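> Since the structure of chain A is already known, use the hints to place chains B, C and D on it.
Protein chains in written order, with this note's numbering: chain A, 1 to 363; chain B, 1 to 363; chain C, 1 to 363; chain D, 1 to 363.
Hints were generated in silico from the structure; no laboratory data involved. Quantities reported herein were computed from a predicted structural model and do not represent experimental measurements. Don't be surprised by glycine CBs; every beta carbon is placed ideally from N, CA and C. Hints may be right or wrong, so weigh each one.
Straight line, CA to CA, 25 Å or less: simulated PhoX-like cross-link-like pairs of lysine-lysine [said to hold, decoys possible]:
no.	chain 1	residue 1	chain 2	residue 2
1	B	Lys226	C	Lys226
2	B	Lys75	A	Lys325
3	C	Lys75	C	Lys325
4	B	Lys325	B	Lys75
5	A	Lys226	A	Lys290
6	D	Lys334	D	Lys75
7	A	Lys335	A	Lys325
8	D	Lys325	C	Lys335
9	A	Lys226	D	Lys226
10	C	Lys290	C	Lys335
11	C	Lys325	D	Lys334
12	A	Lys75	A	Lys334
13	C	Lys334	D	Lys325
14	B	Lys335	A	Lys226
15	A	Lys325	B	Lys334
16	C	Lys334	D	Lys75
17	C	Lys325	C	Lys335
18	D	Lys335	D	Lys325
19	A	Lys325	A	Lys75
20	D	Lys75	D	Lys325
21	A	Lys335	B	Lys334
22	B	Lys334	B	Lys75
23	C	Lys334	D	Lys334
24	D	Lys334	C	Lys226
25	A	Lys334	B	Lys75
26	D	Lys325	C	Lys325
27	C	Lys334	C	Lys75
28	A	Lys334	B	Lys334
29	D	Lys226	D	Lys290
30	B	Lys290	B	Lys226
31	B	Lys335	A	Lys334
32	A	Lys335	B	Lys325
To give an idea of the chain B side of the interface with chain D (calculated C-beta under 7 Å), a few residues [to be verified]:
no.	residue
33	Pro16
34	Gly276
35	Val278
36	Thr279
37	Ile280
38	Pro281
39	Ala282
Number of protein chains: 4
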Amino acid sequence: MTELHFGVIGAGYWGPHLIRNISEIPGAQLSAVADLVPERLQALRLRYPATHLTRDYRDVLTDGIDAVVIATPVKTHYPLAREALRAGKHVLIEKPLTRRSSEALDLARLADQEGLALMVGHTFEYNPAVVALRNIVQRGDIGDVLYVDAARLNLGQFRPDVNVLWDLAPHDISIMNFILGAEPTHVSARGSTCIHPTMHDVAYLELRYPNGVLGHVHVSWLEPAKVRRFTVVGDEKMVVYNDVAPEEKLRIYDKGVIRTTSSGDFADFQLSYHYGGVTIPAVPGGEPLKIELMHFIDCILSGTRPQSDGWSGLRVTKVLEAADKSLRNGGTRKKLHDSAALEIIEGQAPLRRRVTAAEEALA
Amino acid sequence: MTELHFGVIGAGYWGPHLIRNISEIPGAQLSAVADLVPERLQALRLRYPATHLTRDYRDVLTDGIDAVVIATPVKTHYPLAREALRAGKHVLIEKPLTRRSSEALDLARLADQEGLALMVGHTFEYNPAVVALRNIVQRGDIGDVLYVDAARLNLGQFRPDVNVLWDLAPHDISIMNFILGAEPTHVSARGSTCIHPTMHDVAYLELRYPNGVLGHVHVSWLEPAKVRRFTVVGDEKMVVYNDVAPEEKLRIYDKGVIRTTSSGDFADFQLSYHYGGVTIPAVPGGEPLKIELMHFIDCILSGTRPQSDGWSGLRVTKVLEAADKSLRNGGTRKKLHDSAALEIIEGQAPLRRRVTAAEEALA
Amino acid sequence: MTELHFGVIGAGYWGPHLIRNISEIPGAQLSAVADLVPERLQALRLRYPATHLTRDYRDVLTDGIDAVVIATPVKTHYPLAREALRAGKHVLIEKPLTRRSSEALDLARLADQEGLALMVGHTFEYNPAVVALRNIVQRGDIGDVLYVDAARLNLGQFRPDVNVLWDLAPHDISIMNFILGAEPTHVSARGSTCIHPTMHDVAYLELRYPNGVLGHVHVSWLEPAKVRRFTVVGDEKMVVYNDVAPEEKLRIYDKGVIRTTSSGDFADFQLSYHYGGVTIPAVPGGEPLKIELMHFIDCILSGTRPQSDGWSGLRVTKVLEAADKSLRNGGTRKKLHDSAALEIIEGQAPLRRRVTAAEEALA
Amino acid sequence: MTELHFGVIGAGYWGPHLIRNISEIPGAQLSAVADLVPERLQALRLRYPATHLTRDYRDVLTDGIDAVVIATPVKTHYPLAREALRAGKHVLIEKPLTRRSSEALDLARLADQEGLALMVGHTFEYNPAVVALRNIVQRGDIGDVLYVDAARLNLGQFRPDVNVLWDLAPHDISIMNFILGAEPTHVSARGSTCIHPTMHDVAYLELRYPNGVLGHVHVSWLEPAKVRRFTVVGDEKMVVYNDVAPEEKLRIYDKGVIRTTSSGDFADFQLSYHYGGVTIPAVPGGEPLKIELMHFIDCILSGTRPQSDGWSGLRVTKVLEAADKSLRNGGTRKKLHDSAALEIIEGQAPLRRRVTAAEEALA
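Extracted from the complex, chain A is given alone in its bound form:
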């Protein structure tokens, strides 16, 4: 089997996880890693003796490389990704895709034009528990979704480049979009700058989805015990996804409220409750990051569009951008731009693909 040659830009916090996984996937070759900090490269030398280690990211965009993985500070995502796409590389970028939605739009268009795979690292869309949750919801097992509540809390890892919203909420927004198969129409956000004088470390997002579905996201860098909880309330059942639980991450509660309005008159409004049991489905194992990378490779080789492609990254960036504005403007509710205007089309054409070096060799 011919291997895909990978280059990684950024070996800071998240980069080493990507590097390790790439090195362990059959069919992937870790060809080059670029980082500005010599110590980081030094730390990789022993373990990856065959990999080209460099301080210059341009060394990663050279001919032998098929795909580039970008794990650098957020503000550099756009220029680096643009240059990589221009150089004909498939690109995987850590979340959030970019700092601005205009940049995300540009990257999404560019990748489509060039027929390259552009993917954003919405890791949770590759988490088996989240996939199982999506299937439960989309099969209608819990009835119509009424509301969704998410919390992602922990102490620590304040980032110097973005606030807590941009750091943590991309996960929850991408999960919500993924599970609901929809994107929000309005967003507002509140929060607090507890530690840093201007950078929010606690935030609460309200997402209004079509059909009156409310989404709420609580993110915080200031919580004593780690919380990663996602509750989906349907009109027949309810599901809780607790990512912190070592096992039993999904719990389906056979509980709900039954409306019985005999006459259609509100005065007659009657409610009853049913309190059934709980089901904890067996969820297949697998490290989400590895599954994500294998999906990226699969998309490159088959010319199909990644689950979390540039447009998906754009949808999340739009929400973050609007939420951040709301956060700085007293929590006012922002209407999100019409999706159509952003060329996000439901039945999008399959990726027009450029043949990679690996595929040429394969042919």
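Coordinates of chains B, C and D only, in the frame set by chain A:
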């Protein structure tokens, strides 16, 4: 010992708990209970043979009664309490005190004028774990408070008379005011009407306290597993109060973020974390409702002001009223009226008291 | 409806719970309570003004009484129960039934001869979660039972009259017999006398049931956090019953080991595992003690044999007696007497009944 | 820095963990790995290109190797270790050290004679939580130890070569010896052969330590949810070590029983309880296996005796051997051989050491 004679108006959901506790407290005599529903009275007859059971609440405002406990639908609180105070009775009202802050103000003033004890059933202010939490916070054990997050979620018990905000949030607002020793200056709220066409069953409140302290409250009638959690984040330690835990309700985390800004320049902003252990203090037992009732009796007999007096009820009602407006207006932030204008004075005069029948007999 | 008149002997630790429940059950009349300690009677006077309170237990065995409930120190169970049965009373005795199996046998025989209901307070056989567990096991939902492990641990309530084995293990032995529909053939026990010089406060019981099923019970008065856990391992599924959980007391794990021995030769012994999901069934509510008392009343009125009758109490007492011997003899395994010799017959005749005062009135 | 050259024999279940850790420790060089199964070697080839991979274990005992790690089936431990020691290699063997205590004694003596480090992989003695627990106990923080209870339960990983006792109990026995600073004088065991016709998969061990301290160990391959819990009850406090908890592995309960015997007469025996809070100490992180390997390296380089040396392995093997006999003989209690006769001397001489190749190079 002379006994205080109690009358109870309302024997629906919460009334029977009050009735049982009154019947068990030495020094309290359950003299009369009024309810419009004959079946409820019937259910009490066997257990409380010596109590006068009546469908007419006016029978409870007669001469032999010292104190009246009101556990009726919220909209009736004001007229019933007003009539009881006018009749010279000490009054304990279930939360929320009233539907409008103007009504709460009127009752608070009236009670003070008449020298009667007026108390609102903010039960959690009498919960030993909450009292311990308040002491931890006010002693400065966790440093300066940065933010407070509360969740009170459960499936069921939709109320026909008020929405989830008025039903559940009084507890969290009263706890926050109690713990912080302050009241919010601004409030906003978002939520959803998942089941009823117009009545909110899920709500998120943002409370802005002085000194930039953020309070957030999530209340819901639509949650599969009961949650009653309260997190107080200080700049030195953090506390979680989990009321659902059968034991170990309070956990003090010796964790925090340390700011080290050498030059005062934001660019120098440095953070480090300390991750210490957890302490779970032993909290004394005791049923909060019984402690609340004993405090009420104590205040009547000693002429002191209840912890959760009419002014305390007013402070909570103001927040609820403004939050409800915000909820119906897209979540806009509301400024709360200046406290001074509402005559809520920190160093309030001790209760000027009217001598009760019980005390006359005692004298 | 004619009421059954109840007398209670013993108002110490457990008596008040029995007294309260009897007072709340329609069809039961709490006629008399006897206790040697005047303060205990005093404490009951206010709440149960119509009940005859006495220091002489013989006042409880008088003509007006139909049924006697005995909640006294264990060594007094036998003489009191014997006298009550002789006086023609139906008898409910707190566990363990008696101190010796010979006494238990005598009571079981006597009750049958007299046609009276004799019941022992194996409360857990009336616990809805235990009943659900028994049904799960006996329907074959978990396949063949391989082994059962029980733990009942807590700090405190050292009893002066019996050791931890006699205090706590009756519950677990009765649950095991109940769930398995069998009684053990051999027993051994180990333990420790940590606090008292001669009284065991920690014990481990091994129960050998027919078909090679192993039962193990750990009881302790010296454990920091309360544990009441019961695990039943079947060859297809496994169940955990956690009585300490506020909800979700039963968890059915769809997990197991699959034996595949192609040739019958041990060398070929192959194993595989299946790791399915977890199901938490909804279990009906209800206070076990109230259900137990209502069953007792039902048996008296219908002339049927109680679930936990004298023979059931005998089966538990035999195990305790043998285990206690083992405990004092270095843990040697004791064979239990042949059940047949003890007249415990599977298809026992229905209770031959004496007509009670209540029934005469009813006729 | 000169590196120690490691050879590993056995790359089955546990071997790869050892291999990965050795490859990551600075100062250690993974020189050779032997395994009989070609596929296992194949799987290592890509990741460890510089390591000699061989089917012949004798290739690992060659001149360039300083230390040999043995992770093969238990019955091969003795001959392989003997040969390795004879060849002048320092040896680390997976637990249990050997199948027989006579073999363990022989290895312990041989290592001492040769001045080589012999270490057994009692990983938990290198687990930071266990070390913290030992310090808590040995500092006297919980008073005198009254009893210790351990459970190590899980579904699966039946081993073909040894029963559950030999597979899992070495951990708990080594932890108990380590924490108590003592070894048991008597042992008995009960259990069941639920799946395999002759191999125990569930076992209960009773360990009698000096001063009347009871130890109890429950091990099982048949449990639905993973349990690894260790409770140490002292006469002043109690500690629970829960290894399954993702955090907060140690909980110190300030609870206990207070004996007050005024006259020394048992009849006067009075007890009271104190129920204080819980403390969860912060425990340093670190992978126990890596810490264990670094300790091994440290002992080799400094010529000091490993914490879990051959004598420690002998002490555990003796208990397992006796427990296994008891298990097959109806649970009779076995006296363990006098320690003195086994040359286990408290104040043992420091390891007389042979200079390794690495050290020669270093000199």
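> Decide, hint by hint, whether the structure agrees.
Against the structure, the hints:
1. The hinted pair formed by Lys226 of chain B and Lys226 of chain C meets the criterion: a straight-line CA distance of about 22 Å does not exceed 25 Å.
2. For the hint pairing Lys75 of chain B with Lys325 of chain A, the CA-to-CA distance comes to about 40 Å; that exceeds 25 Å, so the pair is violated.
3. Restraint check: the Cα-Cα separation between Lys75 of chain C and Lys325 of chain C comes to about 17 Å, which is no more than 25 Å; the hinted pair holds.
4. About 17 Å separates the Cα atoms of Lys325 of chain B and Lys75 of chain B, which keeps this hinted pair within 25 Å; it holds.
5. Annotation: proposed proximity of Lys226 of chain A to Lys290 of chain A holds, straight-line Cα distance about 23 Å (limit 25 Å).
6. Taking the CA atoms of Lys334 of chain D and Lys75 of chain D, the gap is about 23 Å. The hint holds against a cut of 25 Å.
7. For the hint linking Lys335 of chain A to Lys325 of chain A, the alpha-carbon distance of about 11 Å falls within 25 Å, and the restraint holds.
8. In summary, the hint linking Lys325 of chain D to Lys335 of chain C is supported, as the alpha carbons are separated by about 21 Å, within the 25 Å threshold.
9. Between Lys226 of chain A and Lys226 of chain D the alpha-carbon distance is near 22 Å, which keeps this suggested pair within the 25 Å criterion.
10. With a C-alpha separation of about 36 Å, the suggested pair Lys290 of chain C and Lys335 of chain C falls outside the 25 Å cut-off, and the hint is violated.
11. Only pairs whose Cα atoms come within 25 Å are accepted, and Lys325 of chain C paired with Lys334 of chain D is accepted, the gap being roughly 19 Å.
12. In summary, the hint linking Lys75 of chain A to Lys334 of chain A is supported, as the alpha carbons are separated by about 23 Å, within the 25 Å threshold.
13. A hinted pair counts as satisfied when its Cα atoms are at most 25 Å apart, and Lys334 of chain C with Lys325 of chain D qualifies at roughly 19 Å.
14. Between Lys335 of chain B and Lys226 of chain A, the direct Cα distance comes to roughly 34 Å. Violation of the 25 Å bound is thereby established for this hinted pair.
15. Taking the CA atoms of Lys325 of chain A and Lys334 of chain B, the gap is about 19 Å. The hint holds against a cut of 25 Å.
16. The suggested pairing of Lys334 of chain C with Lys75 of chain D is violated, with an alpha-carbon distance near 35 Å, which exceeds 25 Å.
17. A threshold of 25 Å between alpha carbons decides the hint, and for Lys325 of chain C with Lys335 of chain C the separation of about 11 Å falls inside it, so the pair holds.
18. This hinted pair checks out: Lys335 of chain D and Lys325 of chain D have alpha carbons roughly 11 Å apart, not beyond 25 Å.
19. A hinted pair counts as satisfied when its Cα atoms are at most 25 Å apart, and Lys325 of chain A with Lys75 of chain A qualifies at roughly 17 Å.
20. Distance restraint check for Lys75 of chain D and Lys325 of chain D: the Cα-Cα separation of roughly 17 Å lies within the 25 Å cut-off, and the hinted pair is therefore satisfied.
21. With a CA separation close to 21 Å, the supplied pair Lys335 of chain A and Lys334 of chain B stays within the 25 Å bound.
22. Of the supplied pair hints, the one linking Lys334 of chain B and Lys75 of chain B holds, its CA atoms being roughly 23 Å apart against a limit of 25 Å.
23. At most 25 Å may separate the alpha-carbon atoms for a hinted pair to count; Lys334 of chain C and Lys334 of chain D meet this at roughly 18 Å.
24. The straight-line distance between the Cα atoms of Lys334 of chain D and Lys226 of chain C is roughly 32 Å, outside the 25 Å bound, and the hint therefore fails.
25. With a CA separation close to 35 Å, the supplied pair Lys334 of chain A and Lys75 of chain B exceeds the 25 Å bound.
26. Taken as a hint, the Lys325 of chain D and Lys325 of chain C pair is honoured in the structure, with Cα atoms around 23 Å apart against an allowance of 25 Å.
27. Among the hinted pairs, Lys334 of chain C with Lys75 of chain C is consistent with the structure: their alpha-carbon atoms are about 23 Å apart, no more than 25 Å.
28. Only pairs whose Cα atoms come within 25 Å are accepted, and Lys334 of chain A paired with Lys334 of chain B is accepted, the gap being roughly 18 Å.
29. A distance of roughly 23 Å separates the Cα atoms of Lys226 of chain D and Lys290 of chain D; the hinted pair therefore holds under the 25 Å criterion.
30. The straight-line distance between the Cα atoms of Lys290 of chain B and Lys226 of chain B is roughly 23 Å, inside the 25 Å bound, and the hint therefore holds.
31. Between the alpha carbons of Lys335 of chain B and Lys334 of chain A the distance comes to roughly 21 Å, so the proposed pair stays at or under 25 Å and holds.
32. Restraint check for Lys335 of chain A and Lys325 of chain B: the C-alpha separation of about 21 Å stays at or below 25 Å, so the hint holds.
33. With a least beta-carbon distance of about 31 Å to chain D, the hint placing Pro16 of chain B at the interface is violated under the 7 Å criterion.
34. Contact between Gly276 of chain B and chain D, as hinted, is supported at the beta carbon level, the nearest pair being about 5 Å apart and thus within 7 Å.
35. Interface hint at Val278 of chain B: satisfied, since its Cβ lies 4 Å from the closest Cβ of chain D, which is below the 7 Å cut-off.
36. The criterion of a C-beta within 7 Å of any C-beta in chain D is met by Thr279 of chain B, whose closest approach is roughly 6 Å, and the hint holds.
37. The beta carbon of Ile280 of chain B comes within 4 Å of a beta carbon in chain D, closer than 7 Å, and the hint placing it at the interface holds.
38. Because the smallest distance between the Cβ of Pro281 of chain B and any Cβ of chain D comes to about 5 Å, under 7 Å, the interface hint for this residue holds.
39. A cut of 7 Å between beta carbons decides the hint on Ala282 of chain B: the least distance to chain D is about 4 Å, and the hint holds.
Violation of the numbered hints given earlier is confined to hints 2, 10, 14, 16, 24, 25 and 33; the remaining hints are satisfied by the structure.
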